[in-house]
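Working from the sequences, and respecting the hints, build out all of it.
Chains as they are written, first to last, in my numbering: chain A, 1 to 278; chain B, 1 to 278; chain C, 1 to 278; chain D, 1 to 278; chain E, 1 to 278; chain F, 1 to 278.
Derived by calculation from the structure, the hints in this document are not laboratory data. Owing to the predicted nature of the structure, the values given are computational and were not obtained by experimental measurement. Where is the CB? At the ideal position from N, CA and C, for every residue including glycine. Take the hints with a grain of salt, since some may be wrong.
[To be verified] Sample of chain F residues lacking proximity to chain C, with all beta carbon distances greater than 10 Å (derived):
no.: 1; residue: Leu6
no.: 2; residue: Thr120
no.: 3; residue: Ala160
[Stated by the list, open to error] Here are the computed lysine-lysine pairs in the BS3-like style, where the Cα-Cα straight-line distance is at most 25 Å:
no.: 4; chain 1: B; residue 1: Lys44; chain 2: B; residue 2: Lys192
no.: 5; chain 1: D; residue 1: Lys269; chain 2: C; residue 2: Lys166
no.: 6; chain 1: E; residue 1: Lys192; chain 2: B; residue 2: Lys192
no.: 7; chain 1: D; residue 1: Lys44; chain 2: C; residue 2: Lys166
no.: 8; chain 1: C; residue 1: Lys269; chain 2: D; residue 2: Lys166
no.: 9; chain 1: A; residue 1: Lys269; chain 2: A; residue 2: Lys44
no.: 10; chain 1: B; residue 1: Lys269; chain 2: A; residue 2: Lys44
no.: 11; chain 1: B; residue 1: Lys229; chain 2: E; residue 2: Lys192
no.: 12; chain 1: B; residue 1: Lys278; chain 2: A; residue 2: Lys269
no.: 13; chain 1: A; residue 1: Lys166; chain 2: B; residue 2: Lys44
no.: 14; chain 1: C; residue 1: Lys192; chain 2: A; residue 2: Lys192
no.: 15; chain 1: D; residue 1: Lys44; chain 2: D; residue 2: Lys79
no.: 16; chain 1: E; residue 1: Lys44; chain 2: F; residue 2: Lys166
no.: 17; chain 1: A; residue 1: Lys229; chain 2: C; residue 2: Lys229
no.: 18; chain 1: D; residue 1: Lys126; chain 2: D; residue 2: Lys229
no.: 19; chain 1: B; residue 1: Lys166; chain 2: A; residue 2: Lys278
no.: 20; chain 1: F; residue 1: Lys192; chain 2: D; residue 2: Lys192
no.: 21; chain 1: D; residue 1: Lys79; chain 2: D; residue 2: Lys269
no.: 22; chain 1: C; residue 1: Lys229; chain 2: C; residue 2: Lys126
no.: 23; chain 1: C; residue 1: Lys166; chain 2: A; residue 2: Lys192
no.: 24; chain 1: F; residue 1: Lys269; chain 2: E; residue 2: Lys166
[Said to hold, decoys possible] If you want the ones that stay clear, here's a sample from chain D, every Cβ over 12 Å from chain A, calculated:
no.: 25; residue: Arg17
no.: 26; residue: Thr69
no.: 27; residue: Asp167
no.: 28; residue: Val171
no.: 29; residue: Thr199
Protein chains: 6
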Amino acid sequence: MDLEYLGLDDFLLAALREDIGAGDITTNCCISESAVSTGAFIAKEPGVVCGLHVAARVFALLDRDIRLTPRLNDGDITKAGDVLADITGPSRGILTGERTALNLFQRMSGIATRTAEAVTAVSGTKTRIVDTRKTTPGLRVLEKYAVRCGGGSNHRFNLADGILIKDNHIVAAGGISAAISLARSACPHTLKIEIEAETLAQVEEALGAGADIIMFDNMPLDTMSEAVKIINRRALTEASGNMGERDLRAVAETGVDFISIGALTHSVKALDISLRFK
Amino acid sequence: MDLEYLGLDDFLLAALREDIGAGDITTNCCISESAVSTGAFIAKEPGVVCGLHVAARVFALLDRDIRLTPRLNDGDITKAGDVLADITGPSRGILTGERTALNLFQRMSGIATRTAEAVTAVSGTKTRIVDTRKTTPGLRVLEKYAVRCGGGSNHRFNLADGILIKDNHIVAAGGISAAISLARSACPHTLKIEIEAETLAQVEEALGAGADIIMFDNMPLDTMSEAVKIINRRALTEASGNMGERDLRAVAETGVDFISIGALTHSVKALDISLRFK
Amino acid sequence: MDLEYLGLDDFLLAALREDIGAGDITTNCCISESAVSTGAFIAKEPGVVCGLHVAARVFALLDRDIRLTPRLNDGDITKAGDVLADITGPSRGILTGERTALNLFQRMSGIATRTAEAVTAVSGTKTRIVDTRKTTPGLRVLEKYAVRCGGGSNHRFNLADGILIKDNHIVAAGGISAAISLARSACPHTLKIEIEAETLAQVEEALGAGADIIMFDNMPLDTMSEAVKIINRRALTEASGNMGERDLRAVAETGVDFISIGALTHSVKALDISLRFK
Amino acid sequence: MDLEYLGLDDFLLAALREDIGAGDITTNCCISESAVSTGAFIAKEPGVVCGLHVAARVFALLDRDIRLTPRLNDGDITKAGDVLADITGPSRGILTGERTALNLFQRMSGIATRTAEAVTAVSGTKTRIVDTRKTTPGLRVLEKYAVRCGGGSNHRFNLADGILIKDNHIVAAGGISAAISLARSACPHTLKIEIEAETLAQVEEALGAGADIIMFDNMPLDTMSEAVKIINRRALTEASGNMGERDLRAVAETGVDFISIGALTHSVKALDISLRFK
Amino acid sequence: MDLEYLGLDDFLLAALREDIGAGDITTNCCISESAVSTGAFIAKEPGVVCGLHVAARVFALLDRDIRLTPRLNDGDITKAGDVLADITGPSRGILTGERTALNLFQRMSGIATRTAEAVTAVSGTKTRIVDTRKTTPGLRVLEKYAVRCGGGSNHRFNLADGILIKDNHIVAAGGISAAISLARSACPHTLKIEIEAETLAQVEEALGAGADIIMFDNMPLDTMSEAVKIINRRALTEASGNMGERDLRAVAETGVDFISIGALTHSVKALDISLRFK
Amino acid sequence: MDLEYLGLDDFLLAALREDIGAGDITTNCCISESAVSTGAFIAKEPGVVCGLHVAARVFALLDRDIRLTPRLNDGDITKAGDVLADITGPSRGILTGERTALNLFQRMSGIATRTAEAVTAVSGTKTRIVDTRKTTPGLRVLEKYAVRCGGGSNHRFNLADGILIKDNHIVAAGGISAAISLARSACPHTLKIEIEAETLAQVEEALGAGADIIMFDNMPLDTMSEAVKIINRRALTEASGNMGERDLRAVAETGVDFISIGALTHSVKALDISLRFK
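Structural data, given as structure tokens:
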């Protein structure tokens, strides 16, 4: 469940520059350069922890003498009051980095927590919870990692690593069959072709045109069940469309392979975590 | 209520590169280079609109022949079903930019909507709703603009433009009076000094040490009322601490000048907006 | 056959800075700021033209009063002596940009030319010529575009948009079946799984493990024919391994779906093109 | 023969990002984070090795626990089958960096190999082989280093570090004498003035105008010999123009000081090198 | 008096690239890669030293085996002939970095020296010497640090961390009272409001409108004294306007709180420092 | 005398970001978005103007509706009170850009003014005034342009475009003859070789070793005259070493070809220029 992200340092430095501006005037005025502090990151509510190493890296970029020691791993469950990590080192760097570290740690833990709730909702079925491209600009790698930490799977990372023909594409391309045929002839042979369908007729057309994956967009439960039966494993199936507000178990019980939920990343409630000095 | 942001284009180009990766393979395979489309951005739920010009700029960066024509202004109220803007131009650019534009437009509108709810909750009092530094890394300028569009005011933009001595600073500096005294002697004379207080004794100490602004952190309502009376306009007052889950009207009625709410930006529910081709 | 590349300007500006350094001292000393020139880009040998719009953009970045007017389109065939484009505008900008423009134009045309030769070699068969990731660092988008202009197709753009399990992966993962099984359980459902095989036994194992695409690496022709028969359309097939020095028609006649050729981009002979002032 | 290049890390990180995209999905799915591998880089054909430290740096940027141990130095001759370097460390980093490292290593070795062939062709004469500005955009420092490793010398690095008045400059400046005179009066006194000449009359004019270096562009052998005699060491001499396809020894025997060859860098055949896991 | 500057390395790398260009050809040609040198930085005139750690960092970025050992601290006074620091390590890196290091070290020491002269001029009064935004583009953080090392204080770092209503703002806003009123209603509550006044009438208007700080712009000494009396500590006071050429003690004796001097940073005389090899 | 600088926009945007930070809070609070202003740039002291187009570009980057109309050209002489340029357009952009524009305009004019003084001091002799690499990091292109505008010539732009063997190189290389010999054998043939000499013996050694240019470092006038005679035009000659404080005419009368003056750029007095709104 580790995170490998070649651009992480650049991202974190940019985040620190945004938050620090011309300098942390409060810390530099009030705290001596030689002061050393010890503190703890504490969960104020239950959830799934994510972003421990990202938070650690924020502090390391400010001062390599700061040591953040996790007590849990990304993906672990925490309850209110748990100490998630200890921190010790030069006070200035800890105080200057606190907000940037928490902004990411709380957001990533919030995503992991919500994902875990969705995964739990469908447990026992064979349906997998997947994310979408409805992520925060600049944070996609971190947010999709948080989804994995919550037990979910990733859909496409970007527009280059999957064919997904949506409603507006179908309009512009002149129909489902036309769109699939165009995609088949031009796309790299390593990609599957996924297409959106809203009705059973569209499902049949997509299937006939050779779609590898069919996405049911905003479909009622009974239509979805019917669609799964029609497809009969000749294509993968994915339920989509405001899934953040649907009964996920009911959706899973239609037999779809995947449920994709934009709200996992577009409507995040930060997990409440605080840093306390001793 | 306009947004001036020198780095906007760089931010949006980075967002587009993150979402496009090596190329929008679906659009490039399925849609002819010469195709032209017309569509509309439609609100699927009520709220306050924010980000219209940001969305327009996303498309302009992809293809300057795309025209996004707003029907409202940032800060306006919308109801479900309203057309927020019309769009017309080369189909490829519209399809490729759709997700990036919506990711920002929906998020900014979500922040403006939540801010407007908070502002409404305290309307009639003299208390102002302000934001915090609990913003998404990379998006601070946009998120603080959205708070203004929702009727809120901005607190500090970064660590350089205000002295705010928080609990951990007080611990590391050796107390409230020491911290204020250090700040006074070293900080630029253009900045006010704000300090956090959790008890009435701390309020008295901060006042005696000459704080310009006193922040009440997680204080019960009756203590807060008492604190406002003690201060008696000798310093500005600010209520803080999980204000996203407090009764804002009751807090305002203690007489505090400002209520700062981290949840305005750290726990955003995206406003549901979609783009429909005609 | 057009090129859409969001980062093109940044790439070209970097290329210009590399070539110009602190300033084009020859041009600035010898040529008056107000001088205007007219010239032509001329092919000195036959081939397929590619990079006309890239060259035009180089000059536009230096001086928007320079007009480069193509007489052909990317992908067109030229013979020695043909005028490929006319150019007119401020002499300084043309002279300063000449080398950078030609370095790209000649290289891209060289790739398109070599690709077209490969495509011609297999014409009449159903086999498609595809490229690899053996491109020049920094130029992948341009080089893969040149392959398309020469009539070839693109394989993966990068490591994120396709599963391709190669010999060293198989060693490290503990075998073909193990590797495919691991990939299947963890990769996004939008991607196909391709695996390298060197023997018929490996082909059988890959097929049994459910590979979507099987790559024949450095396989003799008769083994390859046998492999195609064994697979019998249950997976796509790709021939690979020093294909730049093999008899492509003979390879195609084994019935493979794709031939991937690293030499298309790693061993390019620039097409000879020159700019002549009138 | 070492390489000092302040921007190397930035260049390599950009190359890695281009090749990795959103993540090396194959490696991350199939190979455990704790796996360790050992392998060897093996020459598949004879040539001159170049880029060993560049390759080593690619892996170090991905994972500092990877050790690449060269068995040769840049500039050394290899034969087919030789082990050029050993590598050991975390499997994931080695697999993810392999292609980027090889793309550079093979290209640089290809340039060094071709340069060495040219140097050998003129051995025993006093003529030196030099490169040109016909390099790949973004790779000039690496490619000119490879030329040095092959025994060649470098011509100008960019347009700022030498005056070279070419045919189109002469047209735009109004003649050879005018151009040299303008250059002399305005250029920094640290630079020599080089000018292109195609005929003996032009050679005489350049000499009379005080050129420091005269370049013979596409000149027949006997004219070149005559030109060298006329100049009689009053200026340096350089032969140029499709030298990649000329008889270099014959050119050298005219007595020219330098032969500049664009093909050293614009028409590179990558040296065949592979990485094999044990 | 230490410097914390998150972007320092990027700034120094850019400075090195500007000075090195395509490579330090003199050093690389004349000095062996294995050569090691020892030298000393010596003050050639008296002054206040500033930039020792910046200089050290320049060399560390070029070669981490170079050791620069300061004999003084930033802010210390030096006399002509003093050794400021010793340096030892690979000769190439020292020679290549010398100019960039000295360009910064000499400039920063020049600023600290001039600031110290101004501070000395007002010693014994309660007036503080402050800088302005008249800094060199790109060097603001370093130049404002040098002012602190010379004993001065910093005014605003940028346009975001203080309200300062200048003459042209007053013209455009329609007067002093209007401008202050607009600022009060819209600016973050953490900022003080400063305004420029040229006459006593303007001072009275600014005071009446609630200005926190009043800047006397180009005011004669007796008017300034009068203004200080009128204000009578109800606002902070700042003298400004060509203060680099005024009698600072006389200005201080009017009782102003601050004297801001643009010349501290816009008209710097570099302190003469040289590096001598032993 | 125009300036061509491919990176100018990036440099100016960075300068604006440094000065604007999170936003020009004064202007945005006090000035309406629709306000329009007219003003003039006025010289407050006599000098040589430089940077008019740079200033214009600063404003254009902020708002393309701002028009800055120069009344003079770069390199022209101004007297106190002259209007240098008119400006008109949206008030916000003018106010926000004023400081950045003036910081550059005043500095560049200060350099041009001081250079013109030096050029005047040696007028009538054949000696040329040249600059050095003692420029402000990040501003070299602009500062060397200002030197040209003041009538001076440029020395090397960076370490790649000239061989200059200085005292420390001589120490590290083991003497003058050794250093010149090493440079000759390894440097590109397009560069001249310059070397520093402090005594007549060193001058003789440099001449014997074939130096193209000999720099007299901190040499007394009579020694310098003697050196010029000894050299007798067999090499170019350059006087150097605290020339900012020497009698330039006396130096020129020794017959040296060039006088290089670091103080032109390292000890700049900004020309006093102000912007006044009407």
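Status of each hint after checking the structure:
1. Leucine 6 of chain F, annotated as away from the interface, has a beta carbon of chain C within 10 Å; the closest lies near 6 Å.
2. For threonine 120 of chain F, the non-interface assignment is confirmed: its Cβ lies about 24 Å from the closest Cβ of chain C, beyond the 10 Å cut-off.
3. Interface exclusion of alanine 160 of chain F from chain C breaks down, the closest Cβ pair being 7 Å apart, not more than 10 Å.
4. Using a Cα cut-off of 25 Å, the hinted pair lysine 44 of chain B and lysine 192 of chain B is violated, with the two alpha carbons roughly 43 Å apart.
5. Pair hint lysine 269 of chain D plus lysine 166 of chain C holds up; C-alpha atoms about 24 Å apart against a cutoff of 25 Å.
6. Between lysine 192 of chain E and lysine 192 of chain B the alpha-carbon distance is near 6 Å, which keeps this suggested pair within the 25 Å criterion.
7. At most 25 Å may separate the alpha-carbon atoms for a hinted pair to count; lysine 44 of chain D and lysine 166 of chain C meet this at roughly 18 Å.
8. At most 25 Å may separate the alpha-carbon atoms for a hinted pair to count; lysine 269 of chain C and lysine 166 of chain D meet this at roughly 24 Å.
9. With a C-alpha separation of about 13 Å, the suggested pairing of lysine 269 of chain A with lysine 44 of chain A holds against the 25 Å cut-off.
10. In summary, the hint linking lysine 269 of chain B to lysine 44 of chain A is supported, as the alpha carbons are separated by about 21 Å, within the 25 Å threshold.
11. Proximity of lysine 229 of chain B to lysine 192 of chain E is assessed by CA-CA distance (about 24 Å); at most 25 Å being required, the pair is judged to hold.
12. Pair hint lysine 278 of chain B plus lysine 269 of chain A does not hold up; C-alpha atoms about 35 Å apart against a cutoff of 25 Å.
13. Between lysine 166 of chain A and lysine 44 of chain B the CA atoms are separated by roughly 18 Å; this keeps the pair inside 25 Å, and the hint holds.
14. At roughly 6 Å between alpha-carbon atoms, lysine 192 of chain C and lysine 192 of chain A fall within 25 Å of each other, so this suggested pair holds.
15. As the CA atoms of lysine 44 of chain D and lysine 79 of chain D are separated by approximately 8 Å, the hinted pair is consistent with the 25 Å bound.
16. Between lysine 44 of chain E and lysine 166 of chain F the alpha-carbon distance is near 18 Å, which keeps this suggested pair within the 25 Å criterion.
17. Straight-line distance between C-alpha atoms of lysine 229 of chain A and lysine 229 of chain C comes to about 34 Å, which puts the hinted pair past the 25 Å bound.
18. A C-alpha spacing of about 15 Å is found between lysine 126 of chain D and lysine 229 of chain D, which places the hinted pair at or below 25 Å, so the restraint holds.
19. A C-alpha spacing of about 14 Å is found between lysine 166 of chain B and lysine 278 of chain A, which places the hinted pair at or below 25 Å, so the restraint holds.
20. A C-alpha spacing of about 6 Å is found between lysine 192 of chain F and lysine 192 of chain D, which places the hinted pair at or below 25 Å, so the restraint holds.
21. Simply put, lysine 79 of chain D and lysine 269 of chain D have alpha-carbon atoms about 16 Å apart, close enough for the 25 Å limit, and the pair holds.
22. At most 25 Å may separate the alpha-carbon atoms for a hinted pair to count; lysine 229 of chain C and lysine 126 of chain C meet this at roughly 15 Å.
23. Using a Cα cut-off of 25 Å, the hinted pair lysine 166 of chain C and lysine 192 of chain A holds, with the two alpha carbons roughly 20 Å apart.
24. Distance check on the hinted pair: lysine 269 of chain F and lysine 166 of chain E sit about 24 Å apart at the alpha-carbon level, within 25 Å; holds.
25. Distance to chain A contradicts arginine 17 of chain D as a non-interface residue, since its nearest Cβ pair spans about 6 Å, not more than 12 Å.
26. Taking the minimum C-beta to C-beta distance to chain A, about 24 Å, the non-interface status of threonine 69 of chain D holds against the 12 Å cut.
27. Remark: the non-interface label on aspartate 167 of chain D is consistent with the geometry, its nearest Cβ contact in chain A lying 43 Å away (cut-off 12 Å).
28. The non-interface label for valine 171 of chain D is consistent with chain A: the shortest C-beta to C-beta separation is roughly 45 Å, beyond 12 Å.
29. In this structure threonine 199 of chain D is separated from chain A by more than 12 Å, as the shortest Cβ-Cβ distance comes to about 53 Å.
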